Structures are given as C-alpha cells and as structure tokens.
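> Residue strings, one per chain:
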Amino acid sequence: MAILVIAEHDNQSLKAGTLNTVTAAAKLGEVHVLVAGHNAAAAADAAKSVAGVAKVLLADAAQYAHGLAESLSALVVEVAKGYSHVLAPASSFGKNLLPRVAALLDVAQISEITAIESADTFVRPVYAGNVLATVQSADAIKVITVRTTAFDAAAAQGGSAAVESVAVAADPQLSSFVGQELTKSDRPELGAAKIIVSGGRALGSEEQFKSVIEPLADKLGAAVGASRAAVDAGYAPNDYQVGQTGKVVAPQLYFAVGISGAIQHLAGMKDSKVIVAINKDEEAPIFQVADYGIVGDLFTVVPELLAELSK
Amino acid sequence: MKVLVAVKRVVDYNVKVRVKADGSDVDIANVKMSMNPFDEIAVEEAVRLKEAGKASEIVVVSMGVKQCEETLRTALAMGADRAILVETETELQPLAVAKLLKAVADKEQPQLLIVGKQAIDDDANQTGQMAAALLGWAQGTFASKVDVAAETVDVIREIDGGLETVKLRLPAVVTADLRLNEPRFIKLPNIMAAKKKPLDKTSPADLGVDVTPRLKTLKVAEPAKRSAGIKVANAAELVAKLKNDAKVL
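In the order they appear, the protein sequences are chains D and R. With the working numbering applied, the first sequence covers 1 to 311. With the working numbering applied, the second sequence covers 1001 to 1249.
Derived by calculation from the structure, the hints in this document are not laboratory data. Please read all numbers here as calculations on a predicted model, not as lab measurements. All C-beta atoms, glycine included, are put in the ideal place defined by N, C-alpha and C. One thing to keep in mind: the hints can contain errors.
To be verified - Restricting the straight-line Cα-Cα distance to at most 27 Å, the calculated cross-link-like pairs of lysine-lysine (DSS-like) are:
| no. | chain 1 | residue 1 | chain 2 | residue 2 |
| --- | --- | --- | --- | --- |
| 1 | R | LYS1201 | R | LYS1002 |
| 2 | D | LYS194 | R | LYS1241 |
| 3 | R | LYS1020 | R | LYS1002 |
| 4 | D | LYS194 | R | LYS1020 |
| 5 | D | LYS311 | R | LYS1247 |
| 6 | R | LYS1050 | R | LYS1225 |
| 7 | D | LYS184 | D | LYS81 |
| 8 | R | LYS1196 | D | LYS311 |
| 9 | D | LYS280 | R | LYS1032 |
| 10 | R | LYS1241 | R | LYS1050 |
Said to hold, decoys possible - Listed next, with one range per pair, are the computed distances between beta-carbon atoms:
| no. | chain 1 | residue 1 | chain 2 | residue 2 | range |
| --- | --- | --- | --- | --- | --- |
| 11 | R | ALA1029 | D | ASN39 | 37 to 43 Å |
| 12 | D | THR183 | R | ASP1012 | 28 to 34 Å |
| 13 | D | GLU282 | R | THR1217 | 37 to 43 Å |
| 14 | R | ASP1012 | D | SER118 | 53 to 59 Å |
| 15 | R | LYS1216 | D | ASP171 | 33 to 39 Å |
| 16 | R | GLU1089 | D | LEU306 | 56 to 62 Å |
| 17 | D | SER13 | R | ILE1028 | 30 to 36 Å |
| 18 | D | ALA170 | R | THR1217 | 22 to 28 Å |
| 19 | D | ASP152 | R | ASP1027 | 31 to 37 Å |
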C-alpha cells in the first residue's frame, strides 16, 4: 500500500515542511500527496513536481480554503482508507489536523517522529527532547506527524506525477475561519533558515530586541527567533518562539543572544550544527551546549560582531 | 454554561528525567509530580470564565493513578467546583484519554471542554483534538484568546506564521497555549476549602472504555549529548572561528 502525505500549502505553493515529510514518507513506500484547498491547482502543480511523488490527489472546495481541521479531517479519513500510513509535517497545521484524523480512524497518532526504524517502528522525542522513545504501532493505519528538521527536504523539482481529483467530503460545518494576522517579514522562515539569530529576556524591551537582533540577522541573511521569556515579555511575536512548545529548528548556525538556556529552549535548538552563545553570565546553561561562547554584555558584543562582519 | 477541564499529573517541569538502566522506560520513582503547566492554564481560563459570569460550573477531571487526586485538589483550589477521577493503573495514551473524556462529557454535557495543548511528559499534543473528533465537536487548538458568546466561541490560535482567529459552534474543545493567561497563585484558605469540595471516583470499566495502549514503547534512550565548546574573547575571534574552523560563514 502507498503512503499518503497531507500537503501543507497556501493554495498557491507548498510550505517547506511538506518536502521534508515527503522524504520521510519515501522511506516507507510509494508517496501520494493530498492537496486539499480552494483554487489550489497551483499548489497541486507544485506537489506533482516534487521528486519522489508518484501521485497527487486534489480536493478543491471552499471548505478547504483555510485548512480547518473539522472539514479536512472528514476528507482525510475517507482518503486514508486506501493507505498504510498517513503523514503530515509536525507544524501547527499537522498537529491540529492529524490527531483528529487518527481518532476518527480509531488509531493512535505518533507525534513528531525523528527517525523511521521500520514500517511500524518510529523514534520520537519525549520530555522536551531529553529522552528518545522508540515506539511500535499495532494499528492498521499509522498516522504520523514528522519533525521536519530530522529529514532532508525532497527536491522541489524533478517529479512528474499525475494529478487526480478526489471527491469532496460532507462539511461538518462546525467551525469557520475569521481571519489571520501573519507576521510580515522578508527574512527566511525559521523552520528552513540556514542561520538563526535568537534573542532572550536580556534584550530588555521590544525596541532593543528590534534594534539589536534584527540588524545582526539581516547582516547574516538569517531568520529571527526568540526564547519563551522574550515572547512572554512581549519583546517578540509568538511565532518567533523556539523551544519545546514553539518551533524546533536545526540551522547550520544558531546565535543565542541573551538567552540563559532553559531546558525548554534547548529542546528547540540543540540539533543546530553550530551554536554561538552571547551572555554576560558565564554560568548560563546555554554555554554547556554552545560551540563558541562569548561572556559579555550583548549590547557591546553584538555591535562589535556586526562591525566585524562588515569588514 | 458548564465547563469541563481535564488535567494531567506529570513530572514537574523543573525535574530532568533519567532513563532507567535497562532502557525500558524513564525513571519517575520519587520525582516531584505536578499539574501539567498547560493544564494549569486551562483551569485558570475556566475560572476566569466563571468570574466573568460566563461559566456557571467548572468540573475538573483527571485520569490515572490514585495520586491524580492531588492534581485535582490543586485545580479545585484554583477555583473548580467539583472533580472526577477516572482511576486506573494502566498506562493511558492520548486516544484512551480522549475516549474517557468523551464518556465523561456525554454524562456531564458541558458546553466547553478546555485542556492544555500538550503534556510536558509525552509531548504528544493530541488529546484535545482527539476528544473533539470523538465528540463531533469543533476544536480551537493552541488558543491564546477565548471569547465565548451564546452559541459560539471565537478562538485566537497561535499558528506558525502568527495568529489565526476561528469561530466555533458550541459545544467545542479549546486547547490552551502558553499565552492564554497566567495562572494564579493559590492561597492557603483556598487549599483548605478545596479539601471539602466534592471529588467523585470512577474507572474506565465503569465508563465502558477500553484503554488498552496502542503504541508499545520498545526502548528509551538519552540523545547524544552536545559537549560544551570553547569561550572566545571577542567578536573578531568569533568571526574568525566561524569562518575558518566551523566554516559556517
């Protein structure tokens, strides 16, 4: 049986995490991608070009325009019956949708897998990533969210899958979309960035967060992240949060600026290739995971770093 | 409007858990246990709804071992009116908890079920969504603001790119994210008063729910440890290291 990937998209293009999910799915079998959206032909076109995708299923209806879990789960449950595995990225989209699908199928859901041992055995982090559990599922359909940083992105080009339409499911009409307030930024997405500059509570204010962190990020072409403390204090928006309950990232280079390094933050960034910490407290736990540390006042060190990078 | 809140007893967030020597499970004998922090936020939200005159009664439920009674007493001290313990020694996975929640909700008929978005032990982030599915209710996950009206609830959700607002038909499930509210400190008189509030016990068998685990944990292990690197003196040295040694710039 083939493997079903639920595409995360905005009706025009695929979200980056969909490509990593395709890579995970390809380890299990032939990959089919479900694109459920409204006027989503462009997203389906993007999906059929992804290397390793054998078939694209397109469900196009107004009720799928905003990815509401109530409407989408009714569709996925119908489509999933022909598959051994259903996968989605462990993003806010996938985490919202797949448990609902799993419950309707009366199967367990396996959250945020980081490795595939076999068709029924997977590795997933628990306790904020301090423990890795290997779990085996006895259910007929395995419903899985994929930690996207643990799998490479499939090539966006190179595939030429056929696109088939699938029947729209009855809409339960339980919920409706009111609006979105998305953070506007020209910087790379946190989940896909090669370099991330994150700021913590030591920044002291929203103004200082912007005036210190953003110039460094822009100099490096980096995404901006934040610790929970900085988000809770209102220095940065919620979608910047890196950690156990925010985004899990694994860039080539991660700057932790004025971040002490609580377990919950480390859970979100400790798989980064190179970690740099700038903190005035030399006992801060962040230095225990940092490859390079500077003990000093971030308000002097960051401008010096910026000057050095401009040379 | 009646509000049902579910709370889980978990290893306290300050405890760093260890893996048992045989790798069969984590060792949670003799470690401090607390209410899952996200569930505390869920209880707080219910109490605020009651204080605002929008909720009439708050029923708090927990599933698991006998000691979950302590977690329920904490919720009662925060302001819940009565408690239900679904007592079992069986390991409960999210699907089983969702089935138990459905059974309790079928009896209690709440208009709103509030749970934390995830438990900090298994980090599953599933129970609220699963309960909503089984009940056939709408779900407002990762909520940072909840606005209850007569027949609907508007939920502002924390999503990857920012915030999203959805309107849900009641009854509905809401899962609490970090910034929904800040739970109150519990005052001593409230702890004393909580001891007198009603706490009923039931079991999965009484509720007619099969809670057999679906996933088998084959082993647990600690991830590869990162070792501490080096301290550099200044920005110039850092840039040189990043360029020449790490080759990431």
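> Hints first: check each against the structure and report whether it holds.
Now the hints, each set against the structure:
This hinted pair checks out: LYS1201(R) and LYS1002(R) have alpha carbons roughly 19 Å apart, not beyond 27 Å. Straight-line distance between C-alpha atoms of LYS194(D) and LYS1241(R) comes to about 18 Å, which keeps the hinted pair within the 27 Å bound. Using a Cα cut-off of 27 Å, the hinted pair LYS1020(R) and LYS1002(R) is violated, with the two alpha carbons roughly 43 Å apart. Taking the CA atoms of LYS194(D) and LYS1020(R), the gap is about 36 Å. The hint is violated against a cut of 27 Å.
For a cut-off of 27 Å, the pair hint linking LYS311(D) to LYS1247(R) stands: about 17 Å separates their Cα positions. A C-alpha spacing of about 46 Å is found between LYS1050(R) and LYS1225(R), which places the hinted pair above 27 Å, so the restraint is violated. For the suggested pair LYS184(D) and LYS81(D), the alpha carbons sit about 39 Å apart, so the restraint of at most 27 Å is broken. For a cut-off of 27 Å, the pair hint linking LYS1196(R) to LYS311(D) is broken: about 70 Å separates their Cα positions.
Our distance criterion of 27 Å between C-alpha atoms is broken by LYS280(D) and LYS1032(R), whose separation comes to about 31 Å. Note on LYS1241(R) and LYS1050(R): the hinted pairing is violated, with a Cα-Cα distance of about 57 Å set against a maximum of 27 Å. Separation of ALA1029(R) from ASN39(D) is about 56 Å and departs from the stated range, judged on CB atoms against 37 to 43 Å. Checking the proposed 28 to 34 Å range against THR183(D) and ASP1012(R) shows it holds: the Cβ atoms sit about 33 Å from each other.
Between GLU282(D) and THR1217(R), the C-beta spacing of about 39 Å keeps the proposed range 37 to 43 Å intact. The hint said 53 to 59 Å for the Cβ distance between ASP1012(R) and SER118(D), and at roughly 35 Å that hint is violated. Between LYS1216(R) and ASP171(D) the Cβ separation comes to about 37 Å, which falls inside the hinted range of 33 to 39 Å. At about 58 Å, the beta-carbon gap between GLU1089(R) and LEU306(D) stays in the expected band of 56 to 62 Å.
Taken as a hint, the range 30 to 36 Å is violated for the pair SER13(D) and ILE1028(R), whose Cβ atoms sit roughly 45 Å apart. A beta carbon spacing of about 38 Å between ALA170(D) and THR1217(R) contradicts the range 22 to 28 Å that was offered as a hint. Against the hinted window of 31 to 37 Å, the Cβ-Cβ separation of ASP152(D) and ASP1027(R) comes to about 35 Å, which satisfies the hint.
When held up to the earlier numbered hints, the structure conflicts with 3, 4, 6, 7, 8, 9, 10, 11, 14, 17 and 18 and fits the remainder.
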